[in-house]
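Asker: Produce the complete structure using the sequences and hints provided.
So the protein lines, in turn, are chains A and B. The first sequence begins at 260 in our numbering and counts up by one. The second sequence begins at 6 in our numbering and counts up by one.
If you're looking for bench data, these hints aren't it; they were derived computationally from the structure. These numbers come from a predicted model, not from an experiment. Beta carbons are placed, not taken as given, at the ideal position from N, Cα and C, and that holds for glycine. All clues stand as given, with none of them false.
Cβ pair distances, simulated, as ranges:
no.: 1; chain 1: B; residue 1: ASN74; chain 2: A; residue 2: ARG722; range: 28 to 36 Å
no.: 2; chain 1: A; residue 1: GLY675; chain 2: B; residue 2: GLY140; range: 51 to 59 Å
no.: 3; chain 1: A; residue 1: ARG773; chain 2: B; residue 2: ASN163; range: 51 to 59 Å
no.: 4; chain 1: A; residue 1: ASP630; chain 2: B; residue 2: SER48; range: 47 to 55 Å
no.: 5; chain 1: A; residue 1: GLN292; chain 2: B; residue 2: ASN74; range: 54 to 62 Å
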Amino acid sequence: MEVEEQEGEDHREISVAEFFEKNKHLLGFENPQKSIITVVKEAVDNSLDACEQDDIIPEVQVLIDEVGDQKCRVELRDNAIGMDAETVPKVFGKLLYGSKFHKLQQSRGQQGIGISASAMYAQLTTGEPVTVYSKEEGEPCNRFVVRMDTEANEPEIIEQEEVDPEGDEFPGDQDYYFDHGTSIEMTVEAKYTRGHHSVKNYLKHTAIMNPYARIVLREPDGNKIEYPRVANELPEKPREIKPHLHGVELGVVMRMIENSDARTVSSFLQQEFTRVGRKSAVNICEEAEIDDGRRPNTLEKDEVETLLNAADRTNLQNPPTDCLSPAGEDLLLKGLEKELNPEFTTAVTRKPAVYGGNPFQVEVGLAWGGDIADEGSFEELRYANKVPLLYKKSSCVTTKAIEGVDWSRYNISQSGSRPQGPLYISIHIASVWVPFTSEGKEAVANYDDIRKEMKLALQEAGRKLGRYIKRQERKEIQEEKKRKLTSYATEMGDAIAELAGDGDSEEYETEIKRMVQKDYDPEGLK
Amino acid sequence: MPKREFDSDDQTLDKLVRLGRRIQEQLEDETADDLEIETPVRSRTNVLYDEDEGRLKLGDSTSTRKFLNMSQARKFMQTTLVASKAKELIQQGSTASIRELYYQLKHTIEGLDENTFEDQDESNPVVVDLEAATGTIREELHMFAETKGNLFGPLVINDAGDRIDCMNMGTSGLAIPSIVDHYEFEECNADYVLVVETQALVNRLVEEDYHEKEDAIIIGAGGQPSRGTRRLVNILHGRLDLPVYVFTDADPYGYYIYSVLKSGSMSLANQSDRLATPSARLVGMTMEDIEEYGLHHVTENMKGKPEDSGGPTKDYKRARDVKDYEWMQQDQWQRQFQKMLDMGVRVEQQALASQGLEFVADTYLPEKIENEEFLD
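Answerer: Encoded structure:
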């Protein structure tokens, strides 16, 4: 998403406010119910990213108060590294300022548009500026009140002061004191709701996928929900990678040429892209009939396009996959177990795969029974780069993959193609570039390579669940048989002794029960 | 009432005790890991028609009921309950109806939300099972079904010391009990036994004094004849050498009743040597009677759908089934069913009333019997 068109003769600047108004639906602010989820989502995603970046076990607090009709005051706190006095106003007062934009590294924030959009939304709907507290370790705490100059897309600092973190002005409850972190307060037009599309559900989904984070939510009615931390290890940090020629877009390459200091097309290809050696670079240029010694910035747009097409026809090694950071089977299980308290869980993390030059990795977790209510159909938990996706379920590749699996093979009943029973299915796709169906980034596109990986993961996990269900069923049948036949023994002891004319009825009863016990086989080994 | 003791009692007790001992042995055998009762298979696959004797018979197949088999455990338990109750009845010299038996044995099983028997439909088959497993009949086990059927005629019966003159039983007749084996026939002036399907026609014949005028024993079956009725017909024929004529509606159900009296039924194939009377013949109604007695206007349409228009269902289906019985293959029977199916009609005994109320007693039956117009 770009504020201004970078190329073209008749480029004109549009005001940030105008841009925001036009793109409200893409930014997640189309209505008050959704807006509050978006505000929380942007902040929480940022906080988790920031913490992981600096190896901090995350602590996130979300406090929401209703301050008027369709108006909420939202306070969002984290224990990330914090920001210095220079950075704070830029982050909160300039739309699209951020360290993650155009960076090829798997992160949550890549999905959204940053906290500045929330600040913008607050300013446009309630006219109130944003208050930010931020503290770095060993540094004083800075308090800012910032608004955005929507004409210049520049921050405007209204108040700035140093505050004593232990003094009265520092926000929050008794239980809140961090050595470092950031706290944001804003008042926005919002409607706090419950149900599937709600802040609470968003945080619950987040907690399941990020069990090493402690998340606290205080709802407007004062109800406090804690999503506890159950792991103290962060997943492996993703590495940054250069783009791969098979997955890169024309506009991105144009910008890369502008910023590159490479002197020839050949060295540009080798320096800026992964898996391109000297030989590949020469091959691509030959294929495109472009002189590999030309200066990159002399290439016309259509020449770059020719070059990319030539690259598509050239064999290149798949991109490296250490740029991916899956949650891992262990964390998937922990997350499901702590939030759902199921009777059985299983998880599968697939090996990394590639679609169109982009590495990606799929993970699936299944939770069954226990505290999960059987409400007919299963519940779906969708994630892209550990961020929950709550909207547009039916057009998401995850749903298609689930519906492509024959669940009846795993002893799970089906209604149509949807599995039934006390079942949660979580599906996670980790990728540097998640292909969303639309700019709103709410559903993942139904690409064959991705769907296939998801289906394989679901089937592998499904087989494990199926075995468990089968074992349970067998066990239940065996239990029931033992219970019944033991009771029958009481009836039969007398009858047999009576019929045979002698013998001890109690002895017979005991003997029948012994036979029943011997026959009892809960593991179904016989 | 005096104690009910039968000649068979000692033998029956012995059979029951043997069943108990077999289970007992399995319980005392260290190597046995299940309890089993061997019984003859009573399903249709094990029912044969013995052409020489003209009866249904049970084949040699046996099946083993196992206690540790979930689908058989409950029936196994129930069989031991019924068997031990039978032993008690015999020893006490009392009898019980199968309904009383059901109530005697029904109770909640300790530790389960389950009764020993949920309804009588569950206990009745267990009684039949026990009969088959021990090679006895329920009457020998001192159990009986509800009374059904009645008898009129020149016959004097000694029933446990009481003298019953069946000629003086008013309009209701002798109610035929379930157990008739102990009957002693002191006097008999009858020429034949006439088994009548419907009670209404029995009433007509009695009103016309048919049994007196024709020296006939009239037995009303009241539809499908009970075991007691079938056994009584069997011993009247066997002990008094009386011919047996059956008088039913000309329809699939009537002919099925005849077939049961004559050859036995599938479900009691193991007892047809004492329940069936292979020499029994059908005096009427026949499909030819419609033509012969001008009954076209009093026929009834068969119920259900014929084979060529979505059937066969109901009457058409039953006609097909009975027509296909191995023991109904003679031309005369095939002709009856074919006519029935072709014409799509049936004719009831009472349709004869269209010729006058006394017609059946004065003309129809005496003529047919005199001329020996029977189906066999």
